Amino acid sequence: MIHCTVNGKIAVPSSTDKIKVTYANQYIEDSGSYTYDISFPMSIHANQVIFGNVHRFDVHKPTTAFDDCKLFADNRLFVSGKGTVTSVSESAVKLQIVGGKSRIKYNSNFEQHFIDDIDYPDVKITSGIDAVRYAQMGVTSIDCSTKPSMVLVDLTNGVNVGQPGVALFYPIYDETHDCMSNYLAAATFDKIKLNGYTLPGGTVPFMRMLAVQPNLLYVLKYILNSEGYTVIRNDYDCAPWRRLYIASARRSCLIKHALPHWSVYTFIEEFRKLFNASFVFDDVAMTVSIIATNELTDNEAVSYDCLDEYSAEYDEDGLSNLATSNVEYDFDDSTERDWREFIPLSVLKQYPVLTYDNADAMTDAASAMTVKERRSTIFKVGYTYYIWAMLPKDGNPESKDETEQRTLCGLFNPIMREKESDNVVDLKMIPVAMSQRKRIHSKMLLPFTDRIPNKIVCMPSMSNDKDTSLDNMTVDDDGDYYVSVQDAMQGADISSNEEDADEKIRLMFSGDWVRDLENDKVVRGGTFGNDNTYTRYPICLTDSRMYPKLTGVGEDVSLSLERMPYNNNVNVEIDTHNLYCVKFVTDDIPDPSKIYIFHNRRFVCQKIEMDVSNDGIGKLKTGYFYEML
Numbered sequence: 001m002i003h004c005t006v007n008g009k010i011a012v013p014s015s016t017d018k019i020k021v022t023y024a025n026q027y028i029e030d031s032g033s034y035t036y037d038i039s040f041p042m043s044i045h046a047n048q049v050i051f052g053n054v055h056r057f058d059v060h061k062p063t064t065a066f067d068d069c070k071l072f073a074d075n076r077l078f079v080s081g082k083g084t085v086t087s088v089s090e091s092a093v094k095l096q097i098v099g100g101k102s103r104i105k106y107n108s109n110f111e112q113h114f115i116d117d118i119d120y121p122d123v124k125i126t127s128g129i130d131a132v133r134y135a136q137m138g139v140t141s142i143d144c145s146t147k148p149s150m151v152l153v154d155l156t157n158g159v160n161v162g163q164p165g166v167a168l169f170y171p172i173y174d175e176t177h178d179c180m181s182n183y184l185a186a187a188t189f190d191k192i193k194l195n196g197y198t199l200p201g202g203t204v205p206f207m208r209m210l211a212v213q214p215n216l217l218y219v220l221k222y223i224l225n226s227e228g229y230t231v232i233r234n235d236y237d238c239a240p241w242r243r244l245y246i247a248s249a250r251r252s253c254l255i256k257h258a259l260p261h262w263s264v265y266t267f268i269e270e271f272r273k274l275f276n277a278s279f280v281f282d283d284v285a286m287t288v289s290i291i292a293t294n295e296l297t298d299n300e301a302v303s304y305d306c307l308d309e310y311s312a313e314y315d316e317d318g319l320s321n322l323a324t325s326n327v328e329y330d331f332d333d334s335t336e337r338d339w340r341e342f343i344p345l346s347v348l349k350q351y352p353v354l355t356y357d358n359a360d361a362m363t364d365a366a367s368a369m370t371v372k373e374r375r376s377t378i379f380k381v382g383y384t385y386y387i388w389a390m391l392p393k394d395g396n397p398e399s400k401d402e403t404e405q406r407t408l409c410g411l412f413n414p415i416m417r418e419k420e421s422d423n424v425v426d427l428k429m430i431p432v433a434m435s436q437r438k439r440i441h442s443k444m445l446l447p448f449t450d451r452i453p454n455k456i457v458c459m460p461s462m463s464n465d466k467d468t469s470l471d472n473m474t475v476d477d478d479g480d481y482y483v484s485v486q487d488a489m490q491g492a493d494i495s496s497n498e499e500d501a502d503e504k505i506r507l508m509f510s511g512d513w514v515r516d517l518e519n520d521k522v523v524r525g526g527t528f529g530n531d532n533t534y535t536r537y538p539i540c541l542t543d544s545r546m547y548p549k550l551t552g553v554g555e556d557v558s559l560s561l562e563r564m565p566y567n568n569n570v571n572v573e574i575d576t577h578n579l580y581c582v583k584f585v586t587d588d589i590p591d592p593s594k595i596y597i598f599h600n601r602r603f604v605c606q607k608i609e610m611d612v613s614n615d616g617i618g619k620l621k622t623g624y625f626y627e628m629l
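Residue numbers (the numbering used here): 1 to 629.
Take every hint as true, because none was put in to throw you off.
No more than 30 Å apart at the CA atoms, straight line, and that leaves these computed lysine-lysine pairs for BS3-like:
#1 Lys583 <-> Lys619
#2 Lys594 <-> Lys70
#3 Lys549 <-> Lys521
#4 Lys455 <-> Lys393
#5 Lys20 <-> Lys607
#6 Lys372 <-> Lys393
#7 Lys147 <-> Lys256
#8 Lys221 <-> Lys256
Keep in mind the hints are simulated off the structure, nothing from the lab.
In this text, all values refer to a predicted model and were calculated from it rather than measured experimentally.
Build out the structure end to end from the sequences listed, making use of the hints.
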């Protein structure tokens, strides 16, 4: 027998209709489970109560949805999810139930809720602060809800400023307004006035123009919790991914201000695509597991008897999937992004890529080539790419004296699985641009009194269209910028939150090292020695191969797609152009994520359809498959 529950109440479907249930393979169809329309006769009182007599002509027909719907047959749960009324007549109401990933994509609040509308907990700065001076004020942490204009910094016992695992504050260049957020400076004071206290003076490092940079995994967990789900497993909650932070130059301590105007669904999807992760939602227990998996390949195989009749539909474009398609970052237009960071797919397809065991073998091979051959070839050692290019002789980008040199490139190259394929998965979670620049900026606070050496540092760089230009703000006696009433009345843009489909999330790793600018060295946290504490500079990075002398020679982290877990070395030979329709017989409820074997041939499942009626579950199932070659 079939029965349904709608928000915990029993509803009675038509006893004569068959209900078609579809289980989709979320790795293939980006979906979950769903039903076609289920008809509920309005002659039954229980249905009238549940649907509010909506079948009557004089009753308004609102767009009705029910959060907790379940379909049972033979005392087995088939579908659990959200129910949406699709049609109403004088005799019946029709309802569609969607669950799993289908629910997330199509009928959930995930598409109506935005990550920058969520009120995240206030950040408590516990790391990298001057504990001695703050202790004199009876303070052990800095509550960002107070909107601090300045933070006294001390990197004696820490390598970063912020609340590790939640949010940090790294100096970052604001390309839009030609200034720096989280500007770190040091000055010598006779006395220090802060929060109504007067403290002894001295040379004190401090950070101003605060722009919070939230932890990626923290944001993910909080978003899922806010939607009612508990994360019971996250395979990415480990090194080095725990060190991933979202870059932001927007001058605010609120986490939501550091995030783009993405829906919850978009955020989950982009995370899934970047890590090739699987989100498994349990809508009964309201839990979610985030699983690292090689799509299509890690699941066990099952074998069923199939009918001889089948059909195959040819699709010229073919299956587009993370495991079968080319994958590349959809980079922003940062003015500070180096052209060598990635080799576009179009270039990778045009030029030969020669692989060598080590750098010496590569150099020897390049030396034996003509200049034309060498400069028309892409070289690769391990995960690292090189080209021979004309570059400034002395490394000064303004120098006109150029020579042919080997240069590292392709740190964030696309993954090219099929050279001739136009199927590309674009990623909107991208590495932030990193720039080498002098630490002091002309627009920043009292540069002539700054005691920190003005050395070249490596810092993230990005646009910031959500802040007001410093030129349109007022400066107080302490050198802090703020928007006055006059500024606002004269047209200063205080905030902007317009949806932008092309908006990106820019990522960076928090560093395990600290730069000693006075002695021009990089040292690991906890091994600083007795050098001047006010000359230390926190480090963030996107790839340890980029500027290692500035970020730490001992680092080994990268946002290279080739080094991301389960993205590379996934060799799935699939006939992506022919979709087979196969009918097979089983009493089981088939799992579409498994590998299917018919007549000793292996198939990847797209979706499975079955009929459910009062007579029970139909033994004959219809599946749609791609053959594994």
